[in-house]
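Peer 1: Next come the chains, spelled out residue by residue.
Number of protein chains: 2
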Amino acid sequence: MKKIINEPGRFVEEFMEGILLAYGDRVQCLDPEKRVLVRKQTAPKGKVGIVTAGGSGHLPVFLGYVGEGLLDGCTVGNVFASPSANKMADTIKACDFGSGVLCLFGNYGGDRMNLELACETVEFEGIKTRKVLVKDDVASSPKESADKRRGVAGLVYAYKIAGAAAAAMKSLDAVADLTQKALDNTRSMGVALSACIVPEVGKATFHVGENQIEVGMGIHGEPGIEVHEMMSADQVAQTLLDKIVADMPLAKGDEVSVMINGLGATPLEELLIVYRKVALLLQDKGISIYMPHIGEFATSMEMAGLSLTVLKLDAELKELLRAPASTPFYTNHNK
Amino acid sequence: MKKIINEPGRFVEEFMEGILLAYGDRVQCLDPEKRVLVRKQTAPKGKVGIVTAGGSGHLPVFLGYVGEGLLDGCTVGNVFASPSANKMADTIKACDFGSGVLCLFGNYGGDRMNLELACETVEFEGIKTRKVLVKDDVASSPKESADKRRGVAGLVYAYKIAGAAAAAMKSLDAVADLTQKALDNTRSMGVALSACIVPEVGKATFHVGENQIEVGMGIHGEPGIEVHEMMSADQVAQTLLDKIVADMPLAKGDEVSVMINGLGATPLEELLIVYRKVALLLQDKGISIYMPHIGEFATSMEMAGLSLTVLKLDAELKELLRAPASTPFYTNHNK
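Protein sequence lines correspond, in order, to chains U and R. Counting from 192, one number per residue, gives the positions in the first sequence under this note's numbering. Counting from 192, one number per residue, gives the positions in the second sequence under this note's numbering.
Source of the hints: derived by calculation from the structure; they are not laboratory data. Be a bit skeptical, because a hint or two may be false.
For chains that are exact copies, the list does not tell them apart, and a pair is met inside one copy or across any two.
Stated by the list, open to error - Pairs of lysine-lysine residues, derived as BS3-like cross-links and limited to a Cα-Cα distance of at most 27 Å, are as follows: (1) Lys225 <-> Lys476; (2) Lys394 <-> Lys193; (3) Lys238 <-> Lys443; (4) Lys284 <-> Lys509; (5) Lys193 <-> Lys434.
No experiment lies behind these values; they were computed from the predicted model shown.
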């Protein structure tokens with residue numbers, strides 16, 4: 192194992208301490224275990240709170256999006272493990288500003304179960320919640336059982352839309368419905384070239400062959416659709432886009448935002464080469480791109496690979512996407 | 192070789208096309224070969240132009256910093272290879288707005304030689320230039336021969352200071368002198384855990400052993416100070432900071448900016464764990480940190496490892512560091 196860490200059991204605490212040392216003027220932890228991160232600035236009274244939760248190992252997902260115009264709070268678990276229901280409830284309580292809280296989560300069993308419990312707990316205390324689950328990974332289940340799909344980089348678009356809607360002082364139901372509309376128009380799929388190492392395990396828990404690429408692999412190493420001989424960048428772009436387009440109705444004249452998300456070890460140069468082909472293929476279909484996102488937005492530590500996310504826009508979603516946002520790891524100020 | 196690319200000989204052209212497809216509203220290429228990238232927006236008449244140049248494979252260095260408050264233009268070469276003097280001259284000419292051009296470069300033989308030629312060429316045409324070389328890597332040569340040191344991630348701070356000084360409409364000499372002052376107060380050093388692959392070569396041209404870490408390795412794989420058994424994050428932080436502090440006078444009460452720069456494959460979590468220790472060590476010395484930079488700023492494609500850069504600030508440098516900047520890959524708007 193070659194990781195630049197200290198004691199594996201302190202991995203989460205130590206990177207959280209790093210975040211607090213670097214960005215303590217903007218975010219704070221509410222617990223000594225450092226699993227509940229919230230904004231330091233007080234939100235306007237009556238703003239809908241936006242919270243998320245999930246395992247560590249995916250920075251900037253999840254806690255990198257706590258900030259202005261995005262999330263109010265985040266509960267973080269151990270690497271690839273759900274945080275507890277208690278910590279989730281603490282986060283929700285801290286992010287209720289009088290108009291309820293939207294809980295925005297990836298569709299994973301542990302996270303869902305703990306979220307249900309957390310919402311029950313806070314509802315006893317009179318806090319209204321709405322839950323929206325992110326299920327954007329088309330490779331994780333066929334269209335007929337789309338409800339079983341996992342949440343991957345589409346989370347980031349969901350945070351952006353929800354955060355902007357809440358900042359515009361919309362109601363809890365309006366924020367939840369807008370976020371759901373964005374997600375109904377969001378699809379993702381990825382490829383992986385190598386595994387990643389959970390610090391406490393110390394070695395890769397899965398394996399991608401020397402000259403192979405795993406198409407549709409999940410961000411925790413969940414098996415993909417197929418193991419393929421290594422592909423060119425253009426083939427990767429075509430494969431991912433074909434699968435996404437087959438799953439969502441896109442027509443000439445449509446406008447989309449496209450995210451090329453590096454999983455960790457893949458150079459920015461390669462992400463740009465894949466973006467190039469995706470943009471050309473969409474151009475051929477008469478589909479235009481607005482505000483592309485190219486970089487590392489939802490990672491799996493040192494995994495090599497990337498994912499493509501397409502968000503189909505309408506005027507309302509476009510306005511929310513372009514609204515200002517500022518967190519330590521995501522900035523949008525419309526330049 | 193596992194890289195998500197197409198024809199290796201088209202690596203640079205294709206990622207440049209990706210940049211133009213994604214950010215063509217903000218940057219443009221002046222040549223069909225796509226080696227000269229400049230801002231699309233016209234600079235104010237009389238602003239000093241800031242240009243740089245260097246080999247590809249280090250995104251966001253170099254061309255990712257072309258934009259508001261940073262660079263006006265950049266000449267890019269093949270992977271790890273200097274661009275030609277002709278292309279550099281074309282860039283300088285395009286970035287003269289009447290008050291001369293600062294050429295800000297890493298201290299590498301090929302880049303320097305071509306830059307000398309380029310400056311001679313444009314001076315014939317009446318364009319005034321100043322050259323400032325970045326030599327921040329303390330591992331690349333001892334203090335007695337600091338002039339031979341290579342330029343690494345300190346380039347980014349130099350771009351920021353120069354860009355802000357130019358945006359404030361200072362004269363060419365003033366911009367060059369401020370940039371030199373920043374560089375006199377900048378030191379960097381890195382560690383590498385793995386090699387990287389030049390696309391046209393197709394395999395790693397150097398090697399880091401299975402349980403080893405190379406201390407002081409250059410961003411093109413230049414040998415470091417020592418090959419060490421794998422270290423903990425705290426040991427990495429201590430080793431790099433000790434070497435940097437021994438090279439630059441830092442005293443209690445000083446204020447610095449710190450950059451923890453990922454070389455490509457190292458997860459953000461690990462960068463934060465190293466930042467944590469650097470911040471604690473500086474705290475112990477009574478030195479405070481302003482505007483930390485944690486992320487990938489100057490990479491070597493898929494190399495695993497990181498570098499630490501320390502920039503000692505005074506009131507003037509602090510003001511320039513915090514000035515607004517916006518490029519596709521670097522944003523600062525003082526939130």
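Peer 1: Now look at each hint and say whether the structure bears it out.
Peer 2: Results for each hint:
{"no.": "1", "hint": "Lys225 <-> Lys476", "in the structure": "between (47 Å within a copy, 26 Å between copies)"}
{"no.": "2", "hint": "Lys394 <-> Lys193", "in the structure": "both (9 Å within a copy, 20 Å between copies)"}
{"no.": "3", "hint": "Lys238 <-> Lys443", "in the structure": "neither (37 Å within a copy, 43 Å between copies)"}
{"no.": "4", "hint": "Lys284 <-> Lys509", "in the structure": "neither (30 Å within a copy, 39 Å between copies)"}
{"no.": "5", "hint": "Lys193 <-> Lys434", "in the structure": "between (35 Å within a copy, 23 Å between copies)"}
Of the hints listed earlier, those the structure fails to meet are numbers 3 and 4, in rising order.
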